[in-house]
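As given, the protein sequences belong to chains Y and F, one line each in that order.
FYI, my numbering numbers position 301 of the first sequence as 301, with every residue one higher than the one before it.
FYI, my numbering numbers position 235 of the second sequence as 235, with every residue one higher than the one before it.
Keep in mind that the hints were calculated from the coordinates and are not lab data.
Glycine included, each C-beta is placed from N, C-alpha and C at the ideal position.
Mixed in with the good hints, there may be bad ones.
Chain F is faced by these chain Y residues, among others (derived, beta-carbon under 8 Å) [said to hold, decoys possible]:
id, residue
1, Phe-71
2, Thr-217
3, His-239
4, Val-245
5, Glu-253
6, Pro-287
7, Trp-333
8, Val-353
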Amino acid sequence: MTTNSAFDVVVIGGGLIGCATAYYLAKGGATVLMVEKGELNRQASGRNAGSLHFQLEHRLIDHANGALEQFARIMPLNLAAINDWANLESELGTDLEVTMDGGLMLAETADEVALLERKCSLEKRWGLSTQLLYGSEVQKKAPYLCDEIQAAAFCAQEGHANPRLVTIALAESAVRHGARILTHSRVGVLERTGREWRACIVRDAAAGRDEETHDVTGGTVVNAAGAWAGVVAENAGLHCPIRAVPLLMNATERREPFIPHLIQHVSRPLSVKQVRDGNILIGGGWPAHFEQRHGRPDLESRARIDDQSILENLQVAQRMVPGLASFHLLRCWTGIVGVTADELPVLGEVAEVPGFVTAVGSSGFTLGPTYGRLISELILTGRTSIDIDPYSPARFTRTNPIKGAH
Amino acid sequence: MKGAPAQTDVLIIGAGPASLAAASAVLGHNLSITIVDEQLRPGGQFLRQPPRCMQAHNWLDGRLYRPAKRLLQTIEDHPDIDWRFGTTVSALFPDPQPPGIGAAGHSVWLTGAAGMERLRARTVLLASGCYERPLMFPGWTLPGVMGAGAIQTLLKSQQVVSGDRILLVGSHPLQLIVADQILKAGGKVAGVVFSQPALAGGSILQHPGVLFSHFLQFTEIARVFFRLRRAGVRVIFGSAITEAKGTGGVLAATIAPIDSMGGVSGTGTTEFECDAVGLCYGFLVSSELARQVGAEALWSENRGGWLVQHDEWMESTVPGLFVAGEVTGMAGADAAIVEGVIAGMGILRSLGNLDTQQAELGASDHRRQREKNERFARCLADLASPPHALWTGLMAPETIVCRCETVTRQELDDALSVHTHIQTADALKLLTRIGMGLCQGRLCHSTAAQVLSVTRKTSIENVGSFHAAVPARPVPINKLTNT
Ligand SMILES: Cc1cc2nc3c(=O)[nH]c(=O)nc-3n(C[C@H](O)[C@H](O)[C@H](O)COP(=O)(O)OP(=O)(O)OC[C@H]3O[C@@H](n4cnc5c(N)ncnc54)[C@H](O)[C@@H]3O)c2cc1C
């Protein structure tokens, strides 16, 4: 880079969270460099299901009962995200195919109904009003669902947006506010010198040019590297307990709209929705496999599809929405998401390592715009409009020190 | 399907010449052999057979067809082969628990009328052939504009002539053969238009070795050429189709002279009245199943796009996955047969039925023949391809590139000029939906990559292909959920 190599903030990662953070920071007047090792929106943010889920998800409920209370601490972020999504299209001045026509979480057995009820009352305590529908009420709301469903939790604000569009729109808006973006550039070693961070950037070789390395400095760095956040932290001599998990997605051919809602299941991994183009996206968190390289999981290749996952995912989906039977399965793909042990995100910095801000984890499509807004508040003003202490990286220092050599 | 998936030693995908040759090489070694093809009878595109209930007189009686027809006769209905016709390999997966020691193993989804069946295979031979490469120009999506090969398929398998007046345009000599077959079937040919200048055919004289080894092919083409001339068919050189006109169907097509770089000169256009246009600008190989499991493929503009790379036993970079025929590079039926035999030896060697020396014995003659075929194929590929710029130079802004998702050239250009970070075909796909439709990008992938590579001034290798996603062909969900 020839002109400037000193920025207020260097954001690492060109996914939804990095782009949202860069956008709100640039809009707030900071000089921002966002660095992406590949292309924008090509990892989790461009490969996810696009669900906006504000109810507690199956993977949270699924854990041991006592933990449900603990997982429910995500709720303030979910509530904030409802507003952020309702405003995002006007904020960015563009169509993101945001649909908030409601979401249904289904229960088939008596046990599942009980679970659903417990979940709803917990959500109510946190301020989210989900409505419980029983038997024929479910059919009335969603006649395309199978008859066997005993109950459903309806959250009126749930829905979906198009992952193909959101991250790119945020990136473009960030650039309009003066942010700089480097793609095909990987952030390597990060060193704190005085009050600044020095980041070594390795730009891929391209036609007529070898691999290039150069340094930039930032008053703050934001680790928005998704499933790779652990590696980025390591490069700064820190520890960030993020596990990379590969997941499956399925898409059908396009047809006339018939599913207006987001469909989930209370005890099975499932998400079903119909996007504006007419395709039905089916996912919910079925596993894929990492390719191996030198005997280790290879995070740089696409994760390999597990055919059993496809079959089971489709079976659950078709049982819930029988009309899916005649749709053609068109395309399956995988994406890699970064997960924490307690399912809550890692947001913020620890006092011992000032200027190293982390923003990863949880349902990062739903919550990404909110993370970006909160992180920019933190960096620009030192305060956040929502308490992010429950998500502080400091919570890991007891068992698993996030602070390393520094 | 309940219980454990069925298992086979050798799974051959496709039942064309490469497949049949490999099968006959592998037969007699006490191995279970399964051959899968979407068609109802073996033969592939080259020997496309009519349905059994139909009597076809003089079916493919040309000399070119003889060796492959002999092969077909010896193996069709062979009882030691598990034939699966009307069946599609929808997806190929590495087998997480390979059957047998030393075998890498794959499992496949076979979908047919009855549903989907999972089959595990110790070795797989991909002999899935090729399909016609579309050229995009204003009007190419009109009904009546079709591949010359499709016209030929309808003749071979259904004895149907595709129009009352058919114009053939392209760069491949196959269009002469198709024109001849149309005339024989009683149809009319409006003209045959080559993008090459008239003298290009003469440049074959610079390759006397090839001319000698493949004399039969050349004399056959020359005979057809003069037969067409005698029948009064106009054969025009140095021109390309620039537009197909009509509403609801083709009524006319214009052709214009092009220069050696593929530039269209505005003057001297000719309009042909016709109700069908056969495009014959070459082929793209069906390598998606191999790419699906990560086999290395390299781009070749003139030999069929993303060609699967292989070793001297026709084994791809994915152990246990062999390739033969067009998927290794367009070379025709004779070459496919030779590769099929070599792949058969490779399979026998990898399964331990032959040691290397024995396999070499079975392969060596074919290896020598393969070298000759390769020389011919390279030479033909260069002669039979249009100039590079033609692929991207004929479209108008509103010309559709992806007909499944209705993505126009203008939309691609806009996306690329606004989103300057886009460097790969997959990123372009994610942003514009190009290639996301029912044909899964088969028709538009090469054009998309070429537009991107021209715009970004970079190679097709850098741009990459659309990711070869599972499933390889769309499958109804209930076929998958009933298994
Ligand atoms: C299949 C699937 C379905 C999902 N469905 C949903 C859903 O329906 N709803 C929902 O809310 N969430 C969903 N998620 C989760 C959601 O997609 C992620 O939480 C979210 O996209 C995370 O955004 P991100 O920006 O952190 O990650 P990413 O989009 O992965 O971005 C991280 C970026 O950092 C880059 N990077 C990494 N290391 C470096 C480095 N050293 N230098 C430079 N760049 C680097 C990477 O290349 C990558 O582009 C799903 C995830 C998957 C995989």
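Taking the hints in turn, this is what the structure says about them:
no.: 1; hint: Phe-71; result: violated (31 Å)
no.: 2; hint: Thr-217; result: violated (23 Å)
no.: 3; hint: His-239; result: violated (31 Å)
no.: 4; hint: Val-245; result: violated (18 Å)
no.: 5; hint: Glu-253; result: holds (6 Å)
no.: 6; hint: Pro-287; result: violated (12 Å)
no.: 7; hint: Trp-333; result: holds (6 Å)
no.: 8; hint: Val-353; result: violated (31 Å)
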